[in-house]
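Asker: Listed here are the chains, written in short residue letters.
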Amino acid sequence: MGLAVSDLACTRGGRRVLDRFALDLADGTVLALRGPNGAGKSTLLRALAGLVPATGRVALDGRPLDADARAEAVAYAGHLDALRPQLTVAEHLGFWAALLGGDPAAGLAAFGLAPIADRPVALCSAGQRRRLALGRVALAPRRLWLLDEPTAALDTDGAARLDDLLAAHAARGGLAVVATHGSLPAATAERHLAPAGHGADADPFLAAGTWA
Amino acid sequence: MSPARAVLARELALAFRSGGGFGLGVGFYLIVALMVPLGIGPDPSRLAGVAAGTLWLGALLACLLSLDRLFQADWEDGTLDQLALAPLPLEAIVALKALAHWLTTGLPLVIVSPLLGLTLNLPAPAYPWLLASLAAGTPALSLLGAIGAALTVGVRRGGLLLSLLVLPLYLPTLIFGARAVAGAAEAADPRPALLLLAGLTLFTLALSPFAAAAALRRSLG
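Residue numbers (this note's numbering), protein chains in the order written: chain A, 17 to 228; chain B, 17 to 237.
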């Protein structure tokens, strides 16, 4: 059934960032979302995750993707790694596994984090933190993965592991939307996001002719 | 581990680790209460007259001290996004965080309060009511504080704004809490004030998780 998005619109600070956005993804699709800085890639991912207010229709497997459906089906990894310096790698994975449902060992194994399991995040490098943040996505079974530039700070080994993970996710029939500027060998589809209209089209007052 | 226990365990672990701020509130409470005799003079009868109000006012300010980080750290590092997407409702997470705040801030205040009662010459019959009123009232301080903390989560240096928002909400708790202790000290019946205080806490418990969760959802967008 897959993911069906239509008429998605999102306004941020008076600027229309997404306008009449539509997307159809079949099961097992990994979409590489590309576009210049400021095109609205992050906003699109956050809107799909329900983290920013947006209008339009989003359906997963024919069911509207509301808050309850998202809690079961969506994994989101944004620019922020959602890690606390005082807690160790294993403590983070244990917490997320208990909260989201899943296996902390799977998160540990997916990105080769076992050697640093007892290390506080304060002592982890940026790449290790990113591996841990993506380990959270790997540990819980979710249909739709929304990843925002996941390869930032990852080394080639980390990027290869992410690629394997995405390929395995797609092979299980999972869906992923990955905003990226780099290469993403696991991608089976690509979408270029152009900045939504500027000026008159973007501002509801101008569009209504208030200032004309 | 169940999701709720995992959230609570994480909050407690963060509070007890470096930078978590455990002990700050109770330390502040001790210092403020011990400074009162220096400020108003050591006359025992005068101290006894202000003991109830001072102990409650000190507890209120000590509670306020650690509230601004209740949600802010989670908001800054992106954890709040993940909590909002978790199967456990955000309202439950707010309630658990308020509970952790009470366990690490409010409960220690309740425990040290009799000691401070001694230094302020609180009359003997008032001690059980001091413990009871603080135990019944300090949860409301954490819960009301959660609303203020959620509303100011995205505000840089929002601690002062938080104080201005939350202190007026603390007024009923302060009035009934101090009244219960002062009533017992003056050999009046402290029960009406204590029951009103407990009712107020229950009302706050019913309201606060929903109000704070709604404010947190707004802060994500």
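Derived from the structure by calculation, the hints contain no laboratory data. The beta carbon of each residue, even a glycine, is placed where N, CA and C say it ideally should be. Careful: at least some of the hints might be erroneous.
[What the hints assert, rightly or not] Pair ranges (Cβ atoms, derived):
#	chain 1	residue 1	chain 2	residue 2	range
1	A	A121	B	L123	32 to 38 Å
2	A	A183	B	L123	48 to 54 Å
3	A	G30	B	I47	45 to 51 Å
4	B	R62	A	G30	32 to 38 Å
5	B	E92	A	D43	49 to 55 Å
6	B	A230	A	T71	35 to 41 Å
7	B	I47	A	T172	31 to 37 Å
8	A	A121	B	I47	44 to 50 Å
9	B	G35	A	G189	49 to 55 Å
10	B	I191	A	A125	33 to 39 Å
11	B	L187	A	D82	36 to 42 Å
[Unchecked claim] With the Cβ distance kept under 8 Å, some of the chain B side facing chain A (calculated, not the full set):
#	residue
12	D59
13	S61
14	T95
15	L187
16	P188
17	A222
[To be verified] Quick look at which bits of chain A chain B covers, simulated, 3 or more residues with Cβ under 8 Å:
#	region
18	29–37
19	42–52
Asker: Look at each hint and say if it fits the structure.
Answerer: Against the structure, the hints come out as follows:
At about 35 Å, the beta-carbon gap between A121(A) and L123(B) stays in the expected band of 32 to 38 Å. Hint check: A183(A) to L123(B), Cβ distance near 50 Å, so the stated range 48 to 54 Å holds. Here the CB-CB span from G30(A) to I47(B) is close to 48 Å, well matched to the stated 45 to 51 Å. At roughly 60 Å, the beta-carbon separation of R62(B) and G30(A) lies outside the given 32 to 38 Å, and the hint is violated.
A beta carbon spacing of about 36 Å between E92(B) and D43(A) contradicts the range 49 to 55 Å that was offered as a hint. For A230(B) paired with T71(A), a C-beta distance near 19 Å fails the hint of 35 to 41 Å. Taken as a hint, the range 31 to 37 Å is violated for the pair I47(B) and T172(A), whose Cβ atoms sit roughly 55 Å apart. As the Cβ distance of A121(A) to I47(B) is approximately 47 Å, the hint placing it in 44 to 50 Å holds.
In this structure, G35(B) and G189(A) break the distance hint of 49 to 55 Å, their C-beta atoms being roughly 43 Å apart. In this structure the hint that I191(B) and A125(A) lie 33 to 39 Å apart at CB is violated, the actual value being about 57 Å. Take L187(B) and D82(A): their Cβ atoms lie about 39 Å apart, and the range 36 to 42 Å holds. A cut of 8 Å between beta carbons decides the hint on D59(B): the least distance to chain A is about 46 Å, and the hint is violated.
Using the Cβ-Cβ criterion of 8 Å, the hint placing S61(B) at the interface with chain A is not satisfied: the shortest such distance is roughly 48 Å. Look at T95(B): its Cβ gets to within about 4 Å of chain A, closer than 8 Å, so that hint holds up. Taken as an interface hint, L187(B) does not check out: its beta carbon lies about 34 Å from the nearest beta carbon of chain A, beyond 8 Å. Using the Cβ-Cβ criterion of 8 Å, the hint placing P188(B) at the interface with chain A is not satisfied: the shortest such distance is roughly 33 Å.
The closest approach between the C-beta of A222(B) and any C-beta of chain A is roughly 21 Å, which is over the 8 Å cut-off, so the hint fails. With 0 residues having a Cβ less than 8 Å from any Cβ of chain B, the region 29–37 of chain A misses the three-residue criterion, and the hint is violated. By the rule of at least three residues with a Cβ nearer than 8 Å to a Cβ of chain B, the coverage given for the region 42–52 of chain A is violated, with 0 such residues.
Going down the numbered hints, you'll see the structure goes against 4, 5, 6, 7, 9, 10, 12, 13, 15, 16, 17, 18, 19, while the others check out.
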